[in-house]
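Enquirer: If you want the building blocks of each chain, they are given just below.
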Amino acid sequence: MKRKLLALVLYFVLAVTAALTAFPLLWMVSVSLMQTGEASAFPPPLWPAAVTFEHYIELFTSLHMERYLFNSLLLATSVTLLSLLVNAMAGYAFAKLRFPGRHRLFRTLLAGLVIPAQVAMLPLFLMLKYLGVVNTYAGVIIPGLASIFGIFLIRQYTLSVPDSLLEAARIDGASEFGIFRLVVLPLIKPILVTLAIFTFMGTWNDFLWPLIVLTDNDLYTLPVALAVFSREHVQDNELMMAGAVMTVLPVLVVFLALQRYYIQGIMVGSLKG
Amino acid sequence: MSTAAHTAPAAPRNAAARAALWFLAPALTVITLFFGLPVLAALALSFTDFDIYGLADFGNVRFVGLRNYAHLIEHPLFWKALGNTFYFVLVGGPLSVAVSLGAALLVDARLVRFKAFFRTVYFTPVVTTLVAVAVVWRYLFHTRYGLLNYSLGFLGVAPIDWLGDPTWAMPAIILLAVWKNFGYNMIIFIAGLQSIPEALHEAARIDGAGLLQRFRYITLPMLAPTFLFVGVITMIGYFQLFAEPYVMTQGGPLQSTVSVVYLMYEEGFKWWNMGYAAAVAFVLFLIILAATLLQLRLQKEGGEG
Chain A
69 MKRKLLALVL YFVLAVTAAL TAFPLLWMVS VSLMQTGEAS AFPPPLWPAA VTFEHYIELF
129 TSLHMERYLF NSLLLATSVT LLSLLVNAMA GYAFAKLRFP GRHRLFRTLL AGLVIPAQVA
189 MLPLFLMLKY LGVVNTYAGV IIPGLASIFG IFLIRQYTLS VPDSLLEAAR IDGASEFGIF
249 RLVVLPLIKP ILVTLAIFTF MGTWNDFLWP LIVLTDNDLY TLPVALAVFS REHVQDNELM
309 MAGAVMTVLP VLVVFLALQR YYIQGIMVGS LKG
Chain B
66 MSTAAHTAPA APRNAAARAA LWFLAPALTV ITLFFGLPVL AALALSFTDF DIYGLADFGN
126 VRFVGLRNYA HLIEHPLFWK ALGNTFYFVL VGGPLSVAVS LGAALLVDAR LVRFKAFFRT
186 VYFTPVVTTL VAVAVVWRYL FHTRYGLLNY SLGFLGVAPI DWLGDPTWAM PAIILLAVWK
246 NFGYNMIIFI AGLQSIPEAL HEAARIDGAG LLQRFRYITL PMLAPTFLFV GVITMIGYFQ
306 LFAEPYVMTQ GGPLQSTVSV VYLMYEEGFK WWNMGYAAAV AFVLFLIILA ATLLQLRLQK
366 EGGEG
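Line by line, the protein sequences give chains A and B. Counting with this note's numbering, you get residues 69 to 341 for the letters of the first sequence. Counting with this note's numbering, you get residues 66 to 370 for the letters of the second sequence.
Rather than coming from a laboratory, the hints here were simulated on the basis of the structure. Check the hints yourself; a few may be wrong.
Stated by the list, open to error - With a Cα cut of at most 27 Å, we get these calculated DSS-like pairs of lysine-lysine:
{"id": "1", "chain 1": "A", "residue 1": "Lys70", "chain 2": "B", "residue 2": "Lys180"}
{"id": "2", "chain 1": "B", "residue 1": "Lys180", "chain 2": "A", "residue 2": "Lys72"}
{"id": "3", "chain 1": "B", "residue 1": "Lys335", "chain 2": "A", "residue 2": "Lys197"}
{"id": "4", "chain 1": "B", "residue 1": "Lys145", "chain 2": "B", "residue 2": "Lys245"}
{"id": "5", "chain 1": "B", "residue 1": "Lys180", "chain 2": "B", "residue 2": "Lys245"}
Taking the hints into account, I'd like the entire structure generated from these sequences.
Expert: This is how it looks when you write it as structure tokens:
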């Protein structure tokens with residue numbers, strides 16, 4: 069009896085928390101489907117009186133949403149693919165290749181994790197300006213090509229690959245790169261997927277750096293474009309909600325499809341010891 | 066471990082060392098050039114008067130020693146930004162960790178089914194784009210038409226000007242941040258909870274320990290390493306507050322939501338006072354470093370005591 073009551077209370081709290089957590093996102097979708105001005109009423113409506121897609125159409129016809137969608141997709145995809153290769157190579161080297169100073173180098177890198185990225189941003193901007201890549205896609209891609217966290221994640225996972233497999237391939241005369249490509253990469257596929265999702269979402273959601281380095285309207289990523297619009301269109305609730313939906317939806321879909329890998333990555337990342 | 070590596074002849078081992086160089090070169094080059102070097106350069110930059118004239122011509126840049134830091138100390142807005150940031154870290158951080166732990170305990174409770182469902186729902190805000198949800202919350206916080214004030218109205222609370230009142234703007238941002246972030250730490254806490262041997266709880270239960278006692282004497286001490294990790298990453302993340310005030314309040318009202326990074330952004334990239342902005346960034350770094358070391362120290366002492 070007492071157990072049942074406890075379970076009931078538990079489910080009640082869980083359900084209320086779930087409702088509160090999901091509410092802002094569901095409400096965002098609902099308002100994006102309302103007529104212009106409908107949400108600015110008292111009491112605030114929860115549902116559209118009549119569903120309309122006019123704001124989505126407006127986003128694409130007059131606010132060039134397709135442009136920002138393309139920029140975000142292109143940047144997130146290229147950073148993900150390139151950094152995956154770079155980080156995987158380095159993570160593998162730290163896990164499996166013996167070389168002098170390996171531990172010290174790895175520890176030095178990890179210490180870099182406490183340095184907030186913002187510290188590097190001012191000189192980085194100046195460097196990239198003199199290299200002529202400010203206000204280009206390359207300005208966003210280049211600093212994202214390698215990440216300490218990514219290297220760490222790959223290394224932790226690759227430690228579990230048995231040395232005997234690598235030695236066997238070596239004795240069979242495989243080249244070092246061949247071993248990496250044909251033996252190691254297939255074995256660490258789960259962590260590669262995890263890191264790919266992390267990087268994709270991180271790049272997609274990133275705001276401060278693209279805001280700094282992209283000044284040309286045509287190059288804006290979705291979050292930058294949305295932030296700029298939201299300052300200009302403060303009154304257009306419904307339109308801004310549609311913009312928010314367009315920004316959030318792609319990452320949400322990726323997450324829901326691959327959440328097992330994502331959550332596993334957080335757990336690996338937290339097992340620093 | 067592997068005997069193969071120990072008995073392997075010297076030549077292949079050198080080959081491995083050479084290979085390591087090639088495997089590491091791309092990553093180390095990028096990190097050195099585009100992270101390590103800029104961090105050092107930021108320190109150098111903070112000792113110069115680099116401004117819009119310097120941006121036009123390097124020749125206009127002069128070494129000014131500690132003048133930027135001196136200016137910082139006299140700049141009321143810097144202290145305001147520092148105070149706002151500490152408010153966000155010291156109130157928002159612990160609140161977020163507490164909510165995360167509560168959610169983890171709920172989801173991980175033995176009686177609960179559909180764990181995966183609840184976990185996914187709680188985690189969803191974490192993956193959303195901060196700018197987008199800040200836009201959404203800005204409307205939820207609307208004084209007249211916002212659902213938050215509408216709901217509070219049922220409890221007899223008069224409408225609050227969340228984003229227009231200096232007293233309430235930071236709490237509003239904290240509310241958004243906690244909603245957005247608690248799922249992340251929840252996952253880490255769930256992993257921590259699941260690593261506690263069930264036998265410990267079993268033994269305590271046989272000895273007659275109640276739910277609260279087991280939480281106090283088993284769960285909390287066993288979670289100590291998790292707390293340290295969660296505490297450090299949450300704090301580091303919260304010190305970097307930027308997008309929320311940028312989108313929701315633009316630092317206002319009355320500069321009550323200007324954070325240190327927001328100040329750095331405005332000074333550096335709006336007014337191009339890059340030398341001064343570098344000093345702001347460096348002070349933030351030193352504060353984060355000190356706070357991290359302090360937390361590690363406290364944890365160590367707590368562990369020994």
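Enquirer: Are the Cα positions of Lys335 (chain B) and Lys197 (chain A) separated by 27 Å at most?
Expert: holds, 16 Å
Enquirer: Does the alpha-carbon distance linking Lys180 (chain B) and Lys72 (chain A) stay inside the 27 Å limit?
Expert: holds, 18 Å
Enquirer: Check the hint pairing Lys180 (chain B) with Lys245 (chain B) against an upper bound of 27 Å on the C-alpha distance.
Expert: holds, 20 Å
Enquirer: Need the status of pair Lys70 (chain A), Lys180 (chain B): alpha-carbon distance at most 27 Å?
Expert: holds, 21 Å
Enquirer: Are the Cα atoms of Lys145 (chain B) and Lys245 (chain B) separated by 27 Å or less?
Expert: holds, 25 Å
The structure meets every hint from the earlier list without exception.
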